[in-house]
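K.L.:
The working numbering puts the first residue of the first sequence at 1, with every later residue one more than the last.
Each hint should be verified, as a subset may be incorrect.
Unchecked claim - Okay, derived cross-link-like pairs now, DSBU-like style, lysine-lysine, Cα gap no bigger than 30 Å in a straight line: (1) Lys388 / Lys400; (2) Lys331 / Lys400; (3) Lys255 / Lys302.
Stated by the list, open to error - Label-pair distances were calculated between CB atoms; the ranges are: (4) Thr244 / Arg307: 14 to 22 Å; (5) Thr137 / Ser179: 25 to 33 Å; (6) Gly213 / Asp59: 52 to 60 Å; (7) Gly213 / Pro285: 51 to 59 Å; (8) Pro176 / Pro285: 54 to 62 Å; (9) Pro77 / Gln233: 12 to 20 Å; (10) Ile314 / Glu335: 25 to 33 Å; (11) Gly256 / Lys429: 17 to 25 Å; (12) Trp359 / Thr244: 37 to 45 Å; (13) Met162 / Pro285: 20 to 28 Å; (14) Val234 / Pro77: 30 to 38 Å; (15) Gly416 / Thr457: 36 to 44 Å; (16) Met162 / Thr137: 40 to 48 Å; (17) Ala85 / Lys310: 31 to 39 Å.
Treat the hints as calculated values from the structure; they're not laboratory data. Glycine included, each C-beta is placed from N, C-alpha and C at the ideal position.
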Amino acid sequence: MTIRVRMAPSPTGPIHVGNVHTALFNWLWARREGGQFILRFEDTDQERSKPEWEQVIYDDLKWLGLDWDEGPDIGGPYAPYRQMARLDMYREYANRLLESGHVYKCYCTKEEEDEDRKEFQAQNKPYQYKGRCRNLTPEQQAAFEAEGRQHVLRFNVPRGRMVGFNDLVRGPIEFPTDSIGDFIIMRSNGIPLYNFAVVVDDATMEITHILRGEGHISNTPVQLLIYAALGLQVPNIGHVGHMTNEERGKLSKRKGEAAVHDYREQGYLPEALMNFMAFLGWTPPGGENGEEFLTVEELKAKFDITRVTKAPSIFDKPKLNWMNGMYIRRKTTEEFAELALPFVVASGLTTEEEARANWDWFKAVVKEVQERVVTLAEVPQHIDFFLKDDLAMEDGAAGKFLTEAVKPFFRQVIEGLKTVEWDVPAIEKMIRGHMEALQLKPKESIQPIRVAITGRTASPGLFEIVYLIGRERTIRRMAKYC
RNA sequence: GGCGCUAUCGUCUAGAGGCCUAGGACACCACCCUUUCAAGGUGGACACACGGGUUCGAAUCCCGUUAGCGUCACCA
1 MTIRVRMAPS PTGPIHVGNV HTALFNWLWA RREGGQFILR FEDTDQERSK
51 PEWEQVIYDD LKWLGLDWDE GPDIGGPYAP YRQMARLDMY REYANRLLES
101 GHVYKCYCTK EEEDEDRKEF QAQNKPYQYK GRCRNLTPEQ QAAFEAEGRQ
151 HVLRFNVPRG RMVGFNDLVR GPIEFPTDSI GDFIIMRSNG IPLYNFAVVV
201 DDATMEITHI LRGEGHISNT PVQLLIYAAL GLQVPNIGHV GHMTNEERGK
251 LSKRKGEAAV HDYREQGYLP EALMNFMAFL GWTPPGGENG EEFLTVEELK
301 AKFDITRVTK APSIFDKPKL NWMNGMYIRR KTTEEFAELA LPFVVASGLT
351 TEEEARANWD WFKAVVKEVQ ERVVTLAEVP QHIDFFLKDD LAMEDGAAGK
401 FLTEAVKPFF RQVIEGLKTV EWDVPAIEKM IRGHMEALQL KPKESIQPIR
451 VAITGRTASP GLFEIVYLIG RERTIRRMAK YC
C-alpha cells in the first residue's frame, strides 16, 4: 500500500514556515515511499479565508520546490480539494451522526453560553458545555424552532472513558473523555467546524498518514471520537514539534520571521530554507558524523519518520544564515548573478536592462561578493560603489586614511593608472611598485585607495575592484583626495 | 486551573543500559592564511534540569519535582 499524506493550509494569509516545516516532512516521506502528497485548502473560516491567498500560497510552495499530486489547482480522483466545495459531503456525514444519536441539535444562544463560561471562570474551572440541549424532547426542540432559534450540531461526548492513539513520533497518548466538552461539529449556518471537516476529508480522501504540528495533539481525541462514531478507519497520526523563535515563543508575523514570503524577500535561497528546516526535528541516520548539507534529492532519499524528534526547536537564524551562505557560494557565477539581479534592481542601483547590457561586467562584479554575503538582499550594499559615483563615506574613514601623507603616493598611482595595461596583474604590479618605492605599508597605501574609491574600509580585493570600477572612475575618485 | 506534550553544550542534534573521559554542526574565542572584509584551515571553551528509585552498571528504564509549551471557540 502506498502512503497518502497531505498538507492542508487555510487561505487566510501567506504560507507560514511552521506549516511548511510539517509539509516538508510529509512531502519527503511521500517522495521517499513513492506515495502521494495532497494539497487541500481548509477554507471554512468565512471571515478570514480569501481566495486571493490561494495563488500566493501556490507561488511560495512552488518557489520552495514543493509539488503535489492532487490539489485544488490540478484536481485529482478525490476532488474537490477545497472544503467549501465539499459542504454536501459534511452535511451527509453530519446527518448520519444525527441519526445514530452521536450528535444532537443545540439551540443555546451565544449569551447563554457566555454566562456559563463566566460561571466556570468564577469557580476557576475549565469550561465545558453544560449539556442543556443534550436531552431535549422533540416537543422542546419544536418549541425552540417555533421561536425561530437556530441550532448547531453538537457531539455527545461519552463520559468516563479514555480515547487514545499511538502517535507516530511520540508513542501512546491517551485522554480522558471527561476532559472534553460536547463540541460543535456544524455551525448554525451549515458550515462544518475544523475538527469535523478534517475527519471527513482525511477519511474520504483516504489519507493514510497524518503528520502535523504538535498543536494538534489536543484535537486528536476529538477527531478520534468522530472517526469512531462514523465507523471510519483512523489514519496513522503523528505530531512534530513546533519551530519557535529564540524566546521559545511563536514566530512573529510582524518581525517578518513567520511567512515563507518574508524569507524569500530577505534573500534566502529555497534550497537553504528547506535543508535548514529538514534538520529541525529530524536527522538522517549516521547524524553523528555531521553531514548536514543535503540537497532535496538526498533528503528525499533519506527521510525516515522514525528519526523525527519530539521536542520543539528554535528557528536559529544564524544557522540558516550560515547555510544560506554555503548555498550561495555553491552557485555558479551565472546563477548567482541571476539570483542577485532582482535585489540589485530593487535597490535602485541599476535597471535590469542596464545590467543585462553589461552582463559580463555585472557578473564579474557580483562574483567579487559571492563569498562575502549571507543573503541575496545583502548584495546591493556590497556592490553599490561599482554602480554609483556619489559615495557615502564611512564614519572616521577619511580622517584616518586619507591624510596629507598619502597624497604623493596617490599622485603617482594616478599617473600609473593612466597608462597601465588594464588587467588585474598589471594594476597590482604598478601599485605595488609605488608602494615599495615610497616604502609604504598596506594600511598606508592599499587601505587609503580602498577608502577613496569605495568610501569604506572593507571591500573585495583592491586590485579587482580597481579593475572593475574602471580607469577613468578610479582616477576621478582618487583625485579628490590629492 | 483541568487535560496533554516536552526536557543532552547558547542553538540544532548524535546517543535505543556498559563502546560516553558524552560525538558532530551553527554561534563564540584564539591562532594561521592575508591588502581590508569575507571565505578557508587549525585549535579551544561549552551540556545529560533536579530528586528518588531499578540495575553489578543509567544521558539512556520507572516515579516524582521543576520549567517551558499546547489546548480548553459557531478559528484552523
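K.L.:
Could you check the hint for me, namely that Ile314 and Glu335 are 25 to 33 Å apart, CB to CB?
P.N.:
The hinted range 25 to 33 Å holds for Ile314 and Glu335, with Cβ atoms some 31 Å apart.
K.L.:
For Thr137 and Ser179, compare the CB-CB distance with the range 25 to 33 Å and indicate the outcome.
P.N.:
At 29 Å between Cβs, range holds.
K.L.:
Falls inside 51 to 59 Å, the C-beta gap from Gly213 to Pro285?
P.N.:
Check failed, 24 Å falls outside 51 to 59 Å.
K.L.:
With respect to the beta-carbon atoms only, verify the hint that Gly256 and Lys429 lie 17 to 25 Å apart.
P.N.:
violated (48 Å)
K.L.:
Take the C-beta atom of Gly213 and the C-beta atom of Asp59, compute their distance, and say whether it sits inside 52 to 60 Å.
P.N.:
With Cβ atoms ~23 Å apart, the hint is violated.
K.L.:
Check the following: the C-beta atoms of Trp359 and Thr244 are separated by a distance inside 37 to 45 Å.
P.N.:
holds (43 Å)
K.L.:
With 54 to 62 Å as the target window, see if Pro176 and Pro285 comply at their CB atoms.
P.N.:
Given a distance of about 38 Å, which is not inside 54 to 62 Å, the answer is violated.
K.L.:
Straight-line Cα separation of Lys255 and Lys302 no greater than 30 Å?
P.N.:
Roughly 33 Å between the alpha carbons, so the hint for Lys255 and Lys302 is violated.
K.L.:
For Thr244 and Arg307, compare the CB-CB distance with the range 14 to 22 Å and indicate the outcome.
P.N.:
holds (21 Å)
K.L.:
Given the hint of 12 to 20 Å, is the C-beta distance from Pro77 to Gln233 inside that range or not?
P.N.:
holds (18 Å)
K.L.:
A range of 31 to 39 Å was offered for this pair. Does it hold for the Cβ distance of Ala85 and Lys310?
P.N.:
Check passed, 36 Å falls within 31 to 39 Å.
K.L.:
Taking the Cβ atom of Gly416 and the Cβ atom of Thr457, is their distance within the range 36 to 44 Å?
P.N.:
violated (23 Å)
When each numbered hint is compared with the structure, violations occur for hints 2, 3, 6, 7, 8, 11, 13, 14, 15, 16.
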